[in-house]
Each structure stands twice: as structure tokens, then as C-alpha cells.
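S.K.: Sequence:
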Amino acid sequence: METRIMRTQTPSKGWHITRWILQVLLALTFGMAGFMKLTAPIAELAKQMPWTAQVPVGLVRFIGGAELAGALGLIVPMLTRIRPALTGLAASGLALVMALAAGFHLVRGEAPMVVPSVVLGVLACLVAWGRAKKHQSVSSKQWIAGSLYTKL
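FYI, the numbering for the sequence shown is 52 to 203, going by this note's numbering.
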């Protein structure tokens, strides 16, 4: 016999507004950075971001595309109410990009550049967590497995 547990969340209006503000700020930040990495000549980018001259151009453009797609994913699904779960996935993707950026800058000895990456990553994680499903139905087996996993 399998027991079902319903988890419900009732977010406050203030939390809802805070999430939207975070989403818009992150979308503007990642949108501008992504657009710049996609369109600006590498020589111009290197003046502001020296690392762009030391990695393949394709990687810079790919990162720019990922950031721009993530920025759109933070706003469009929730705004249009078409597949709003994609907003959380976009935020998760941007958090991953920022985690990789922090690691990249650490390896290169650019410790001051780690701070913005971590801050943006944490904010993206907050949006991803806040935009998780309001109602999740999990079986007792999944709940127990999840509980055991978190204790390891």
C-alpha cells in the first residue's frame, strides 16, 4: 500500500512581488550580459572582461546565448502563463552557469570576480526554489527515499 502526501504552499503577496522583482533584475542583468557576449567584438569585450580574449570565441558566444535564453526564460513563461514551470528551470540553468563561472574565476586566480558570480547564482537559486510547483504529490516511498538521501 502506498500513501500519498500532499504538500501545499500558500505564498504571501509580498513574497510573490519579491520573486517578480528578483526575476526582472536577474533577467535585465543576464539579458544585457548575454546580448553583449553574443554581439560585441571580442576585442571590445576583453576591455571589460579580460577572460573573453583568452577562451575560444565560440565559448564566449555560447555563454552569451545561454545567458540571454535564461533571461527570457525568467520572464516570458510566467508572464504569458504558458509553461510557467520553465521559469524555475531557466533560473536553475542560470544558477549552474554562475556556479561554473565562479569555479572558472577561482581556477584563474580571479577571486574578486567570484563574488558577483556567487551572488547572482544564489539569487537565481532563490527564484528557482520560489517558482517550484505549488502542490507536489509525492508517494511515501519517494518521501522516505528523499529523507534518507538528505541524511547521507
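Hint data in this document are derived by calculation from the structure and do not stem from the laboratory.
As the structure is a prediction and not an experimental result, all values here were calculated from the model.
There may be inaccurate statements among the hints.
Using C-beta positions, here's what the derived DEER-type ranges look like [to be verified]: (1) V158 to L130: 36 to 42 Å; (2) V106 to L177: 27 to 33 Å; (3) L147 to F86: 27 to 33 Å.
From the three backbone atoms N, C-alpha and C, an ideal C-beta is built for every residue, glycine too.
S.K.: For each hint, tell me whether it holds in the structure or not.
M.R.: Tested hints:
no., hint, result
1, V158 to L130: 36 to 42 Å, "37 Å, holds"
2, V106 to L177: 27 to 33 Å, "29 Å, holds"
3, L147 to F86: 27 to 33 Å, "20 Å, violated"
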